[in-house]
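Engineer: In our numbering, the protein residues as written are 13 to 233.
Check each hint, because a few of them may be wrong.
[Unchecked claim] Quick list of in silico lysine to aspartate or glutamate cross-link-like pairs, EDC-like style, CA-CA up to 20 Å: (1) Lys178 <-> Glu228; (2) Lys84 <-> Asp153; (3) Lys17 <-> Glu152; (4) Lys143 <-> Glu91; (5) Lys36 <-> Glu91; (6) Lys84 <-> Asp29; (7) Lys116 <-> Glu142; (8) Lys98 <-> Glu48; (9) Lys71 <-> Glu48; (10) Lys17 <-> Asp177; (11) Lys71 <-> Glu152; (12) Lys71 <-> Glu99; (13) Lys224 <-> Asp108; (14) Lys211 <-> Glu225; (15) Lys84 <-> Glu152; (16) Lys211 <-> Glu91; (17) Lys17 <-> Asp108; (18) Lys84 <-> Glu156; (19) Lys98 <-> Glu156; (20) Lys59 <-> Asp29; (21) Lys17 <-> Asp29; (22) Lys36 <-> Asp106; (23) Lys224 <-> Glu152; (24) Lys143 <-> Asp29.
Hints listed in this document are in silico derivations from the structure and should not be mistaken for laboratory results.
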Amino acid sequence: MTGFKGMIFDASGTILDDIYPVWKTNLQILRLISAELDLSAPRLTLKQFRHTFVLPPWKFYVRSGIPASFAKQASSLFESIYPEWKEVVRPFRDADRVLQALCKLSVKLGLVSQIQRQFLNEHLARFRLEKRFLCIVAAEDTCEGKPSAQPVQLAVSRLGLKRSDKVLYIGDMVEDIIAARNAGVMSAAICHRGAYHTKELLASACPDYMLKELRELLNLV
13 MTGFKGMIFD ASGTILDDIY PVWKTNLQIL RLISAELDLS APRLTLKQFR
63 HTFVLPPWKF YVRSGIPASF AKQASSLFES IYPEWKEVVR PFRDADRVLQ
113 ALCKLSVKLG LVSQIQRQFL NEHLARFRLE KRFLCIVAAE DTCEGKPSAQ
163 PVQLAVSRLG LKRSDKVLYI GDMVEDIIAA RNAGVMSAAI CHRGAYHTKE
213 LLASACPDYM LKELRELLNL V
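Generate the whole structure from the sequences, applying the supplied hints.
Structural biologist: Take a look at the structure:
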């Protein structure tokens with residue numbers, strides 16, 4: 013299918029190359045919580061992190077050995093630790109160029125992210141990307157995050173589109189593909205370097221499209 017009227021992007025690992033600072037932040041969180049509980053902190057390599065990280069994040073902490081009763085406390089630490097690493101974040105090299113081209117082709121663009129609005133707005137403003145999107149949905153905007161349909165459905169509504177319109181959601185995690193499916197829109201998995209999930213994990217979710225680079229989206233308009 014081509015001729016999409018709207019494209020909705022995930023932020024982390026799709027538009028923003030932030031896996032390194034997020035990995036480092038989560039390692040620090042695991043060390044702190046493990047020390048508090050007198051547990052041995054897992055030492056995850058970046059490769060291992062890509063295989064184990066899931067949404068919502070508290071499920072990742074449980075996977076990493078943190079008791080469920082402490083997992084949400086671990087999630088709350090992210091806000092205080094992440095600023096130490098946020099300056100490392102960069103947009104992917106082709107992101108703005110592709111977004112500009114899609115805008116010129118009259119495709120309505122939205123952004124859906126699990127990043128807190130404070131950090132998301134800061135990243136987008138820093139790289140002048142906020143003007144590319146007609147709507148931006150941050151973590152606080154819905155009661156449920158991905159893989160729930162809520163964030164994607166909200167973005168579709170804010171773009172003035174319907175599920176029956178040709179809408180594509182682009183993300184780099186299995187939860188992105190599931191969220192798109194739950195929301196009734198088509199999905200594209202982006203497998204570039206910096207994606208949170210591996211190509212194999214993404215393929216297992218059966219997205220409608222598998223992309224190596226963002227610029228491949230221009231072939232779908």
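Engineer: A separate judgement is required for each hint: does it hold in the structure or not?
Structural biologist: For each hint, the structure was consulted:
1. Pair hint Lys178 plus Glu228 holds up; C-alpha atoms about 17 Å apart against a cutoff of 20 Å.
2. Between the alpha carbons of Lys84 and Asp153 the distance comes to roughly 19 Å, so the proposed pair stays at or under 20 Å and holds.
3. Taking the CA atoms of Lys17 and Glu152, the gap is about 26 Å. The hint is violated against a cut of 20 Å.
4. Restraint check for Lys143 and Glu91: not satisfied, since their Cα atoms lie roughly 25 Å apart, outside the 20 Å limit.
5. Of the supplied pair hints, the one linking Lys36 and Glu91 holds, its CA atoms being roughly 13 Å apart against a limit of 20 Å.
6. In summary, the hint linking Lys84 to Asp29 is not supported, as the alpha carbons are separated by about 25 Å, beyond the 20 Å threshold.
7. Under the criterion of a C-alpha separation no larger than 20 Å, the hint pairing Lys116 with Glu142 is consistent with the structure, at around 16 Å.
8. With a C-alpha separation of about 25 Å, the suggested pair Lys98 and Glu48 falls outside the 20 Å cut-off, and the hint is violated.
9. For a cut-off of 20 Å, the pair hint linking Lys71 to Glu48 stands: about 19 Å separates their Cα positions.
10. For the hint pairing Lys17 with Asp177, the CA-to-CA distance comes to about 7 Å; that is within 20 Å, so the pair holds.
11. Between the alpha carbons of Lys71 and Glu152 the distance comes to roughly 18 Å, so the proposed pair stays at or under 20 Å and holds.
12. Taking the CA atoms of Lys71 and Glu99, the gap is near 26 Å; set against the 20 Å cutoff, the hint is violated.
13. Annotation: proposed proximity of Lys224 to Asp108 holds, straight-line Cα distance about 16 Å (limit 20 Å).
14. Among the hinted pairs, Lys211 with Glu225 is consistent with the structure: their alpha-carbon atoms are about 12 Å apart, no more than 20 Å.
15. Taking the CA atoms of Lys84 and Glu152, the gap is about 15 Å. The hint holds against a cut of 20 Å.
16. As the CA atoms of Lys211 and Glu91 are separated by approximately 29 Å, the hinted pair breaks the 20 Å bound.
17. Among the hinted pairs, Lys17 with Asp108 is consistent with the structure: their alpha-carbon atoms are about 19 Å apart, no more than 20 Å.
18. The suggested pairing of Lys84 with Glu156 holds, with an alpha-carbon distance near 14 Å, which does not exceed 20 Å.
19. Between the alpha carbons of Lys98 and Glu156 the distance comes to roughly 24 Å, so the proposed pair goes past 20 Å and is violated.
20. Straight-line distance between C-alpha atoms of Lys59 and Asp29 comes to about 15 Å, which keeps the hinted pair within the 20 Å bound.
21. The hinted pair formed by Lys17 and Asp29 fails the criterion: a straight-line CA distance of about 26 Å is larger than 20 Å.
22. For the hint linking Lys36 to Asp106, the alpha-carbon distance of about 25 Å lies beyond 20 Å, and the restraint is violated.
23. Proximity of Lys224 to Glu152 is assessed by CA-CA distance (about 30 Å); at most 20 Å being required, the pair is judged violated.
24. Simply put, Lys143 and Asp29 have alpha-carbon atoms about 19 Å apart, close enough for the 20 Å limit, and the pair holds.
Comparing the model with each numbered hint stated earlier shows that hints 3, 4, 6, 8, 12, 16, 19, 21, 22 and 23 do not hold.
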